[in-house]
Each structure stands twice: as C-alpha cells, then as structure tokens.
Amino acid sequence: MKYILIFLFIATLGSIAAGFLLETAYSEKLIGFGIMGIFFILFPLFTYHRWKDKNLKDYMLNKENLDKMRDKEKYKR
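In numbering that gives the first Met the number 0, the protein residues as written are 0 to 76.
Think of the hints as simulated: they come from the structure by calculation, not from any bench. Fair warning: there could be bad hints in the mix.
Unchecked claim - In silico BS3-like links for lysine-lysine, alpha-carbon gap of 27 Å or less:
1. 73 x 51
2. 73 x 62
3. 62 x 51
4. 56 x 71
5. 1 x 53
6. 56 x 73
7. 1 x 56
8. 1 x 51
9. 67 x 53
10. 71 x 53
11. 56 x 67
Based on the provided sequences and hints, a complete structural model is requested.
This is how it looks when you write it as structure tokens:
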C-alpha cells in the first residue's frame, strides 16, 4: 500500500507539473486531473492506510478518556 501511495503521489504531482510546464491544448486538463487524483484517490487511500488498525474510541473525548487524562495530570505534578 505504501508503494501505491508513493506512486500515486508522484503521478499526480507529475501531472500537475506537466500541466504547468507544457504549452498544449490540454494542459489545464492535466492540472485538473492531478488535483482530482490527489483529493479523490490519494487522500482517501492515505487516510484509510493510516487509520485501518486504529481504535477510534481511543481518540474520542468521553468520560473515561477525560478521567484518564486528569489522572495523568495529577501524577505529573
């Protein structure tokens, strides 16, 4: 998955750079496809890759987690 993300990142940046550097009729489309690739393909895949093994309840502020944070603050002092 890491290599796919790297490849997609390089491909989208390459598309954007080619759109800016090349003087062709479809240079604006290259820029647009690069931006769409980042936001609709690369960013969701990256988010899934980073959060797939995480427990979401560890990051939510509920009564238990607030109590844990308060207990840790007491022991620091």
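Hint-by-hint comparison with the structure:
At most 27 Å may separate the alpha-carbon atoms for a hinted pair to count; residue 73 and residue 51 exceed this at roughly 33 Å. Taking the CA atoms of residue 73 and residue 62, the gap is about 17 Å. The hint holds against a cut of 27 Å. With a CA separation close to 25 Å, the supplied pair residue 62 and residue 51 stays within the 27 Å bound. Of the pairs offered as hints, the one joining residue 56 and residue 71 holds, with about 18 Å between alpha carbons and a cut-off of 27 Å not exceeded.
A hinted pair counts as satisfied when its Cα atoms are at most 27 Å apart, and residue 1 with residue 53 qualifies at roughly 17 Å. Simply put, residue 56 and residue 73 have alpha-carbon atoms about 23 Å apart, close enough for the 27 Å limit, and the pair holds. Between residue 1 and residue 56 the alpha-carbon distance is near 25 Å, which keeps this suggested pair within the 27 Å criterion. Between residue 1 and residue 51 the alpha-carbon distance is near 13 Å, which keeps this suggested pair within the 27 Å criterion.
Distance restraint check for residue 67 and residue 53: the Cα-Cα separation of roughly 19 Å lies within the 27 Å cut-off, and the hinted pair is therefore satisfied. Our distance criterion of 27 Å between C-alpha atoms is met by residue 71 and residue 53, whose separation comes to about 22 Å. A hinted pair counts as satisfied when its Cα atoms are at most 27 Å apart, and residue 56 with residue 67 qualifies at roughly 13 Å.
The structure does not agree with numbered hint 1 stated previously, though it agrees with all others.
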